[in-house]
Each structure stands twice: as structure tokens, then as C-alpha cells.
Amino acid sequence: MSERLVVDPITRIEGHLRIEVEMAGAQIAQAYSSGTMVRGIETILRGRDPRNAWAFAQRICGVCTLVHGLASVRAVEDALLIELPASAQLIRNLMIGAQFIHDHVMHFYHLHALDWVDVVSGLSASPEATSTLAQSISPWPKSSPGYFRDVQKRLKGFVDSGQLGIFANGYWGHPAYKLPPAANLMAVAHYLEALAWQRDAARLHAIFGGKNPHPNFVVGGVACPIDLNSDSAINAKKLAEVQTVIAAMQQFVDQVYVPDTLAIASFYPEWFQRGEGLGNFLCYGDLPATGTMDPAGFLFPRGVILNRDLSTIHEVDLHDDSQIQEFVSHSWYDYQGGKDAGLHPYAGETTLDYDGRGGVKPPYSQLDVTDGYTWLKAPRWKGHAMEVGPLARVLMLYATGHAQTKELVDSTLSTLKLEPRALFSTLGRTAARTLETKILVDAMQGWYDALIANIKAGDDRTFNEGRWDPATWPNDARGAGFMEAPRGALGHWIVIKEGLIENYQAVVPSTWNAGPRDPANQPGAYEAALADNHQLADAKQPLEILRTIHSFDPCIACAVHLADPDSGERIEIKVT
Amino acid sequence: MSVKDTSLGERLREHGISRRSFLNYCAAIASLMALPPGAVPAIAAALEAARRPSVIWLSFQECTGCTESLTRSHSPTIEDLILGTISLDYHHTLQAAAGTAAEAAREQAMQENHGKYLLIVDGSLPGADSNPGYSTIAGVSNYAMLMEAVQGAAAVVAVGTCAAFGGLPGADPNPTGAVSVMDVVKDKPVVNVSGCPPVPMVITGVLVHYLTFGRLPELDQYHRPLAFFGQSIHDRCYRRPFYDKGLFAETFDDAGARAGWCLYRLGCKGPSTYNACATMRWNSGTSWPIEAGHPCLGCSEPHFWDAGGFYTPLSVPTGVPKQALLAAGAAGAAIGGVVATKAKQRVRADAADRQPVTVDELEQKL
Numbered sequence: 008m009s010e011r012l013v014v015d016p017i018t019r020i021e022g023h024l025r026i027e028v029e030m031a032g033a034q035i036a037q038a039y040s041s042g043t044m045v046r047g048i049e050t051i052l053r054g055r056d057p058r059n060a061w062a063f064a065q066r067i068c069g070v071c072t073l074v075h076g077l078a079s080v081r082a083v084e085d086a087l088l089i090e091l092p093a094s095a096q097l098i099r100n101l102m103i104g105a106q107f108i109h110d111h112v113m114h115f116y117h118l119h120a121l122d123w124v125d126v127v128s129g130l131s132a133s134p135e136a137t138s139t140l141a142q143s144i145s146p147w148p149k150s151s152p153g154y155f156r157d158v159q160k161r162l163k164g165f166v167d168s169g170q171l172g173i174f175a176n177g178y179w180g181h182p183a184y185k186l187p188p189a190a191n192l193m194a195v196a197h198y199l200e201a202l203a204w205q206r207d208a209a210r211l212h213a214i215f216g217g218k219n220p221h222p223n224f225v226v227g228g229v230a231c232p233i234d235l236n237s238d239s240a241i242n243a244k245k246l247a248e249v250q251t252v253i254a255a256m257q258q259f260v261d262q263v264y265v266p267d268t269l270a271i272a273s274f275y276p277e278w279f280q281r282g283e284g285l286g287n288f289l290c291y292g293d294l295p296a297t298g299t300m301d302p303a304g305f306l307f308p309r310g311v312i313l314n315r316d317l318s319t320i321h322e323v324d325l326h327d328d329s330q331i332q333e334f335v336s337h338s339w340y341d342y343q344g345g346k347d348a349g350l351h352p353y354a355g356e357t358t359l360d361y362d363g364r365g366g367v368k369p370p371y372s373q374l375d376v377t378d379g380y381t382w383l384k385a386p387r388w389k390g391h392a393m394e395v396g397p398l399a400r401v402l403m404l405y406a407t408g409h410a411q412t413k414e415l416v417d418s419t420l421s422t423l424k425l426e427p428r429a430l431f432s433t434l435g436r437t438a439a440r441t442l443e444t445k446i447l448v449d450a451m452q453g454w455y456d457a458l459i460a461n462i463k464a465g466d467d468r469t470f471n472e473g474r475w476d477p478a479t480w481p482n483d484a485r486g487a488g489f490m491e492a493p494r495g496a497l498g499h500w501i502v503i504k505e506g507l508i509e510n511y512q513a514v515v516p517s518t519w520n521a522g523p524r525d526p527a528n529q530p531g532a533y534e535a536a537l538a539d540n541h542q543l544a545d546a547k548q549p550l551e552i553l554r555t556i557h558s559f560d561p562c563i564a565c566a567v568h569l570a571d572p573d574s575g576e577r578i579e580i581k582v583t
Numbered sequence: 009m010s011v012k013d014t015s016l017g018e019r020l021r022e023h024g025i026s027r028r029s030f031l032n033y034c035a036a037i038a039s040l041m042a043l044p045p046g047a048v049p050a051i052a053a054a055l056e057a058a059r060r061p062s063v064i065w066l067s068f069q070e071c072t073g074c075t076e077s078l079t080r081s082h083s084p085t086i087e088d089l090i091l092g093t094i095s096l097d098y099h100h101t102l103q104a105a106a107g108t109a110a111e112a113a114r115e116q117a118m119q120e121n122h123g124k125y126l127l128i129v130d131g132s133l134p135g136a137d138s139n140p141g142y143s144t145i146a147g148v149s150n151y152a153m154l155m156e157a158v159q160g161a162a163a164v165v166a167v168g169t170c171a172a173f174g175g176l177p178g179a180d181p182n183p184t185g186a187v188s189v190m191d192v193v194k195d196k197p198v199v200n201v202s203g204c205p206p207v208p209m210v211i212t213g214v215l216v217h218y219l220t221f222g223r224l225p226e227l228d229q230y231h232r233p234l235a236f237f238g239q240s241i242h243d244r245c246y247r248r249p250f251y252d253k254g255l256f257a258e259t260f261d262d263a264g265a266r267a268g269w270c271l272y273r274l275g276c277k278g279p280s281t282y283n284a285c286a287t288m289r290w291n292s293g294t295s296w297p298i299e300a301g302h303p304c305l306g307c308s309e310p311h312f313w314d315a316g317g318f319y320t321p322l323s324v325p326t327g328v329p330k331q332a333l334l335a336a337g338a339a340g341a342a343i344g345g346v347v348a349t350k351a352k353q354r355v356r357a358d359a360a361d362r363q364p365v366t367v368d369e370l371e372q373k374l
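Protein chains in written order, with the numbering used here: chain A, 8 to 583; chain B, 9 to 374.
By construction, these hints were calculated from the structure, which means they are not laboratory data.
Here the structure is a predicted model, which is why all the values come from computation and not from measurement.
Mixed in with the good hints, there may be bad ones.
[Stated by the list, open to error] Listing some non-contacts, in silico: residues in chain A with all C-beta distances to chain B over 12 Å:
no. : residue
1   : His-326
2   : Gln-411
3   : Glu-509
[Unchecked claim] Calculated cross-link-like contacts (lysine-lysine; reagent style BS3-like; alpha-carbon spacing at most 27 Å):
no. : chain 1 : residue 1 : chain 2 : residue 2
4   : A       : Lys-368   : B       : Lys-194
5   : B       : Lys-124   : A       : Lys-163
6   : A       : Lys-149   : A       : Lys-163
[Unchecked claim] Pulled a few chain B residues facing chain A out of the computed Cβ check, cut under 8 Å:
no. : residue
7   : Ile-86
8   : Ser-143
9   : Trp-296
10  : Pro-297
Every residue, glycine too, gets a C-beta built ideally from N, C-alpha and C.
In isolation and in its complexed conformation, chain A is listed as follows (with noise of 0.2 Å):
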């Protein structure tokens, strides 16, 4: 008897994912992703002001708020050779990593947790013990019995109104749930927390960028002038409060956010033997030491790992039409040279077609996977299929031999017990994330130094008017603009003709970890990681695939089926 499964929407994700599963047994044995929302963006893109863009691409994702209109930026900076004054790329550095340690922490708590931490467990704890766990581990001062007496009454109450609002329905009681109570309790008082202090690091972006989400930006620099004797600019007030906020990202990071990563890893040495799937790995760098965006002066190194070897970086190349190319061959996208064909993003195209291309009309129960399943395309390198993100930007840490990353992965495994093979999981991936938020967390405030040393230096200029006018431009440039997102390796693509965008292509690190299978049927990221040794408890209620799929931090929605493969029987599983 096979089974499958439909997950959609797969929620506490951004945007709209639906994965399908074909099962064997209880054994996942084949999963396809599909990102269910299409607004067509790159095509709104073209035929404007390249300065402009920035602000319509940053609108692709309002989580990882500013990587897309940086990314923007950047491709216009590449096409017209801009180089920026030192202070705007290290107040860009200093957005960047705001941006990451705020989105992971907030990954952390309040898109994952629940995957692993059982709410209303918590109920059942006491505050005794679970004070006693939170002092073994951190020197964070919120940790008294009656803190969290205090805590476990609101949520009691909570519970008792009868309105579980939105823990409502959740898999509350799974066998797969294995944290003792004090360990639930602590994780649903640090899930509140969380939401206090992200509203706190959100503030770095408002100083610098006038808000967020979407902060503004600037191509040739950023927007915000530095002036010390003036009431309007980045002053010593200013950078005082961006000082403070730091302190702040810092304590939460080490005191709460680590210690929590590996005394909830701990209680699930078994995610550490299932979800990784591709084994190869894409990071195009980021973070520069100075003005120009020269790999080498990374924090992030740039390369690509195959196969899970780290003694072999190969290098990556973003303009070479050869190495990085998108498919269709499973996407609701028609392409003038054929299903089949790969474009490198300079050459891409985005011609929507549900209906032509085996979309299968609403209301439906099950996509038709041998044609097109997604608004995502297939992008490969070389050819292979790359998984992107934080396990893929530790490894290449690792292997280039960044002294820091060494050490906390070498000291992360041997407090967990784990071999390095470890690290090629669900759980590897998400400690992965909070290892490289103590890399951020630590370098932001080397970047800020060096930023108070430069304006002491009397070089406050945030911006590189040259080439602002168009009618400096050629006729024709391109440039590829990259950055690391929190999710991964991020590539905008523009071509500008007589001053317009001629074509515009983005290339998010959620296509490359939750695309579909290429004409070669070689899975994306998650259907690799879904199809590599998971089992389900309890097929109603598919915890297992959730926690895999977030560990990814998916950036839009996708659905699962389970089909069996041998039958073909497809039966319909309510998942309650």
C-alpha cells in the first residue's frame, strides 16, 4: 500500500511552497517542490531607469529585506564600473550583517523552533528545573525560577482561553517531539524574547537605511551622508545607537541563540545522519575588506565544493555563460530555443506559461511532475545541481581554513559528539546558520570600528556621484551584481541598452535549494534532501518533512506529494 502526501502550504516559511512525496513504505522515496506564486518581476523590471531597480527587485522578499535591492545595486555598479568610498561599503557590510544575524535568529525562533519544540509541553515543566537548565548554559540574566514561573503562567493562560490562535493545530504531542519539558519551556520563553529584540537589531537598518523592511539604497553608495557636526547626518549620536544595537545582536547571539542551537541539537543526534542530499555547495562571497568587490578580500570566500570534497575549491565565475544557467524543463516557463535549453541569466528569459507548460487548473490535488511543477526555474553550475546557504558558506570557511569557523565547528562536533560527516544534515544545516551568526556577530564590530577609523581619518564620503548622470553611461553594459543572502548565493543579472534595462534577471538562493528537477531529472536541493533517509512517524502529520524544508529557510511556497512509484497508486492523505 503506498501512500501521498500533499504539504501545502507549507507554512512559517516566506512565501508559498507546496511539496508532493512519492513514499516507500514509510520511507520518503521521491519529493518535488514547487513554488506556487508567480508576479513576474523581471519582466516588470524592463524598460526602466537602471537606478530605479533596486527598489522593484528588493520587493522580491520583504524577509530578507535588503539582499535583493543590494544585489541590485551591485549589478548596476558592475555594468558601470562604480566603485564605492570605503565608509559606504562598510555601512553596506554592517546592513548585510544586521541583516543576517536578525533574519537567522529570527529563523531560528520563530520559523523553526516549532519543529522541534513541543509549546504546550512546556505547560508541564518546572520553573526549577528549568531555570537550573538555562544557568547550566548561558549567562543570559533572564533565567530565575520565577522568570519562568512567569512565563509558563501567560502561556497557561493562553492555553486555558481555548483560543490556541496561531499554535492552533500544530503537531503538538508528535513522537518525534523529544525535549524534556524545562527545555520546551526555556525555548517558548526565548521564542518571546526573540520577537522583543529583532524589533531592536531591525533598528541598525532604520539609522542607515530610513526603515525596515526595505531600507533604501543608492547605486554609487548609500544614501546617508556622514557629517558630525550636523543634525540630519550619521553622526556621533547615530553611531552611538548603531554601537548599541550591536552590543545588543552580540549578548543575544552568544548568550541565547548559540547555547540554544546546541542544547536543542542535542536532544536530535538522528538529524544529524538524514537531509542533506546534493552534497554540492555554491557561495559567490561576500562581505569586502574595502571599496571594491574584489573576492579576494571577502569574509565569505567565493567557490564551489563537489561532492562533498573540501580539499577541492573550484572557482566560480558569474559572467562566464557557460558556468551558471537556468532550466525550465520542470517550470511553467516557455523558452524560445525549447524546453530544454539553458540560458545564462544574461541571456534569460521569463515568458509565463501555466496552462502550455502542464500547469494543472485550480482547483487541484496533485501536480502533473512530468512536465512543469513550479514558478521556480532549475538554475545549475556546470551542469550540477548546488545546494547554497549557510552549510555551504561554513564549509567553504572551513576548507579555506578561516581560523574562527575551525574552531567553532571543531568544537561544536565535540561538544555534540559528532563526526565531521555530521555537518551533511537537516541539523548540520541549522547550526551551520548559528555558527556563521557568531562569525557576523563578531565581524560587525570590527566593521564598525573600522568605520569610526575611517571618519576619524576624514573619510566620511558615502557616495560615488560619477557615473549617476546617464548620459555618462555607454550604450550598452552588463553586470552581474552579487551578494550572500541569508538563505545563500544571490545573483541579479542586468543588461542596459541606451540608458533602459534591456533584460533583467534574478537568480535567489531558494531557486537553487527548492527548484525543480533539470532536464538531466537531477532533483534541486530540497528534493534531494527530502529523498535522503527520512522516515514518517505518523503520515498525517509530516513533522519530519518540516523540519528538513526549514532548515533550508525556504524563501517562498512550496507542496509534497507521496506517491508510490511502483504502483502509481496515488491515494489521498488528509495531513491534520
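Position chain B against the provided structure of chain A, taking the given hints into account.
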């Protein structure tokens, strides 16, 4: 978890306790508390009303920026809102349940709170005539899901410019035929809380208004609450005095930009944009776009994506040479005042001509 979303009164009745028994229970409570018999109806009402209002939040063609903005609200905070004030029964980004369990939560909330729940929408949606496959949830088109959910809603709040006016997906050439909530919902009150995203405190402010006063706030011509969208950015801008004096930043990081002069010539859409950024500011009052040196994009206005470039001034006071403006700045307000009067007249005339026009207005004119 077996606890259902019901008030105490409803739960007692579900367990076979009649209305009569319930009132007896209330009388017993009153007796225990040594209250007069007249207090019984009040106790009953309080117990029965102990429900938090149900809120169902639908996300369509969106980027989740509006939800992120909601979480930045500092008064009320998101945690106070969802634990103490409302019952957020369906919200993709925050809810624990996924798949069919999530859809069941939505259906259950719609059923149990029929006629009473508040429906919030972020994101535009492919219109009734668009391909329904452009955006689906659980295999259902956004249009079908909205039409189903709107039936039992007390009111609809469209959060963000996409839901309110079609927003980015609706920008030219609108590849997916995206429409706003108001375009398709005609038989329920719709409040538009625009902005890309809206100011955090404006989102919660509208909810709090509704929950506190039991009715929707007064709205402007675009269905936006006057309390937050009644004044232009320009009229509330702290840099307005420099506009009046004719002192403008000419480029980013010039002397005027550093001094905090008006960003009008850099393309600021403050004069034609109605929003609360200048008064409420962003992120716990930390700053806002103009304070951080960037011109206002006009993101709370209909069709702002197609209303000219972000760095193209609404109009430039061309009667005044650039040098004169700079000199005015150096010489002070005496010269500036003369320049400003001219500039102001010109700007007003041009701004009036170039304000974003809606399709409805065009239809009325044509």
C-alpha cells in the same frame, strides 16, 4: 491538542451544559463572591465575551514584508497582540500548523466566527479573469480563497500597497493580471493600509482602533484611515522649512544633503504622498527614509511604481538657477525666502499636475 477555539460559555454548552445551567453557574459564582443577584448577567456577559476576536490573515502575491513590518510594532507588540488581544487563527508565516492542518485551522475559524472575524490580506491577487495558476495555496486560486473567506468576514483590511492597490505585481505591464482586494470585494467594508510596507505602528494602530472602538476608522478617498494617511509627508516633514527657504540637496552626500536640506530635487515624492512616516517614524521611532537621506518613494500611493522615476523630481523650480539656490543657502534665509516663494508656486502647480491619477479618476474625467 484538543482544546477548541471557543469561549468559556460555548465550551460549557458543548459539554452539555445548557444556557439555563450556565446562568445558574454564574449565579453561584456571584454568590460565592458575595455579589448581588443583579451582577449575574454582567458576569455571564463577561465570561461569554472572553474571546479574543478572530483574525484570519491571507497572504497572496506578496513578499512577506508586511508581516515583517507587523512584527516591528512596539506598541502594541506582536507578542501582546497575538497572545492577548486577537486570536490570529491563520497566518502562514507565524502559524505552527502546515498543510491540511493549517487549512483546517482557517476553515474552523471561519465557521466558528462567521460574520465576526476580521480578514486581513497582504499581497495582490490574480484577478477573476487572470490565470488562476499564477498564485495558489493548497491548490486553490487566490481569487477563490478570498471570495470564500470574505463571505463570513465582518470587515477586510488590505495591508500593504499590493493588497490595497495592486502594488508591484500590478506595475506595468502587470504580467499576472494582478488586482487589489478592493477591485474584487464589493460587498464588505475594505480598509486600505497602504505602504511598501506600511509603517509597523500603522498596521497595529488600525487593528487597535477596530478592536477598541468596535468600528472602522474614517477613511480617505482611497479607503485609507485618515488618522494615518490624512496628511502628506511633505506637510509633516521636518525638512519642510528648507523647502520653504529653497534650500535643496542637489545630489547625495553634497553639502545640502549633509545639512539635512530638502530632498525634493532628488526626487522626493513627499508632496504627493500621504502616510505617517514623518510623524510616527520607523522602527520604534528610530528614523525614517527622509531622515536617513533618501527621497520618499511615495510607496503608499496607488500606482507609485509607475508614477515616474524615484530620482526624478515631481517638478523642479527651474526658474531658479542651481547656483542661486546654493548661494541662497550660504547667504541665509533672506535671499532664500524670495527664491522659495517662486519655487513654491512652481512646485505646487507642477505637483498638482503630476499627482498620481487612478483609473477611477480617469474614467470620471473621460
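Subject >> Ascending list of hint numbers which this structure does not respect >> reply: none
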